[in-house]
Amino acid sequence: EDQVTQSPEALRLQEGESSSLNCSYTVSGLRGLFWYRQDPGKGPEFLFTLYSAGEEKEKERLKATLTKKESFLHITAPKPEDSATYLCAGGGSQGNLIFGKGTKLSVKP
Amino acid sequence: KAGVTQTPRYLIKTRGQQVTLSCSPISGHRSVSWYQQTPGQGLQFLFEYFSETQRNKGNFPGRFSGRQFSNSRSEMNVSTLELGDSALYLCASSSQRQPYEQYFGPGTRLTVT
Chain R
4 EDQVTQSPEA LRLQEGESSS LNCSYTVSGL RGLFWYRQDP GKGPEFLFTL
54 YSAGEEKEKE RLKATLTKKE SFLHITAPKP EDSATYLCAG GGSQGNLIFG
104 KGTKLSVKP
Chain C
375 KAGVTQTPRY LIKTRGQQVT LSCSPISGHR SVSWYQQTPG QGLQFLFEYF
425 SETQRNKGNF PGRFSGRQFS NSRSEMNVST LELGDSALYL CASSSQRQPY
475 EQYFGPGTRL TVT
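Chains as they are written, first to last, in the working numbering: chain R, 4 to 112; chain C, 375 to 487.
Calculated from the structure, these hints are not laboratory results.
Quantities reported herein were computed from a predicted structural model and do not represent experimental measurements.
Note that beta-carbon positions come from the ideal geometry of N, C-alpha and C, so glycine has one too.
Each hint can be trusted.
Computed from the model, here is a short list of chain C residues facing chain R with C-beta under 7 Å:
{"id": "1", "residue": "417"}
{"id": "2", "residue": "419"}
{"id": "3", "residue": "422"}
{"id": "4", "residue": "464"}
{"id": "5", "residue": "475"}
{"id": "6", "residue": "477"}
{"id": "7", "residue": "478"}
{"id": "8", "residue": "479"}
{"id": "9", "residue": "480"}
In silico DSS-like pairs for lysine-lysine, Cα to Cα no more than 27 Å straight-line:
{"id": "10", "chain 1": "R", "residue 1": "104", "chain 2": "R", "residue 2": "62"}
{"id": "11", "chain 1": "R", "residue 1": "111", "chain 2": "R", "residue 2": "62"}
{"id": "12", "chain 1": "R", "residue 1": "104", "chain 2": "C", "residue 2": "431"}
{"id": "13", "chain 1": "R", "residue 1": "62", "chain 2": "R", "residue 2": "82"}
{"id": "14", "chain 1": "R", "residue 1": "66", "chain 2": "R", "residue 2": "111"}
{"id": "15", "chain 1": "R", "residue 1": "82", "chain 2": "R", "residue 2": "111"}
{"id": "16", "chain 1": "C", "residue 1": "431", "chain 2": "R", "residue 2": "72"}
{"id": "17", "chain 1": "C", "residue 1": "387", "chain 2": "R", "residue 2": "45"}
{"id": "18", "chain 1": "C", "residue 1": "431", "chain 2": "R", "residue 2": "45"}
{"id": "19", "chain 1": "R", "residue 1": "45", "chain 2": "R", "residue 2": "107"}
Some chain C residues flagged as far from chain R (calculated, every beta-carbon gap over 12 Å):
{"id": "20", "residue": "385"}
{"id": "21", "residue": "388"}
{"id": "22", "residue": "390"}
{"id": "23", "residue": "392"}
{"id": "24", "residue": "426"}
{"id": "25", "residue": "455"}
Could you build the full structure based on these sequences and the hints that come with them?
And the structure:
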C-alpha cells in the first residue's frame, strides 16, 4: 500500500534555529515528491517538486532534497512567518497525490 | 493568473441532507481533483476529473460523487450526510504538462450537525 510518513508531527524552533523536516515514502512508481505549506484555514500552497534522487530545490530559507526513500525540507534561520504546517505528498500511479499528515512548525521570536 | 476558487467557503448541514460544492480551476487547467481533509486522516483523495470524465477515484463510498463541465469547472456532491463527513473539502487543478503539480483552492469547510 502506498504510504507517506512525516516526522516530527510538531516542531518548535526559536527564530534563527535551523532544522529539518522528514518525509519517508513507499509509493509504487513514484511520479514526483511534492512539498506544500498550509496556513490555518487555507488550502495547501505549492512549494517544490522533486523527481529524481539527489535532486535539490531552494526557495528563500527552504531547501528540499530527495533520496530513494526519503525527502527532507531544510529550514535555515527560520522566521516567525515560516510557522505553518508543511505537507509532503507522493505522486501515485492513479494520478493522485498521497499525502503525509504534515509537520506543524512553530517559530518563536 | 487567478487561482483556484471554491464556493461556498463555509456550510452547515444536518445529517441526512445533501450538499453540492463548486470549484473553478486555474484558467487553462483541465484537470480537477478533490480531497477531503480531517484532523485524524489528513488529506485523502476523493476523485479526479479531466475533460468532463472521471479519471481516477479514491476509496470513498458512493455517496460522494462529482462532475466536470465543459469549461473545466467542477462540482462535488455528498448525499445523505453523516457526522463524519464534517471536513475541509479541497479542490486542486493541474495542467496537462504537469499533471501532478496540483494547485489548491481555499477549501470549503463543511460542518454536519
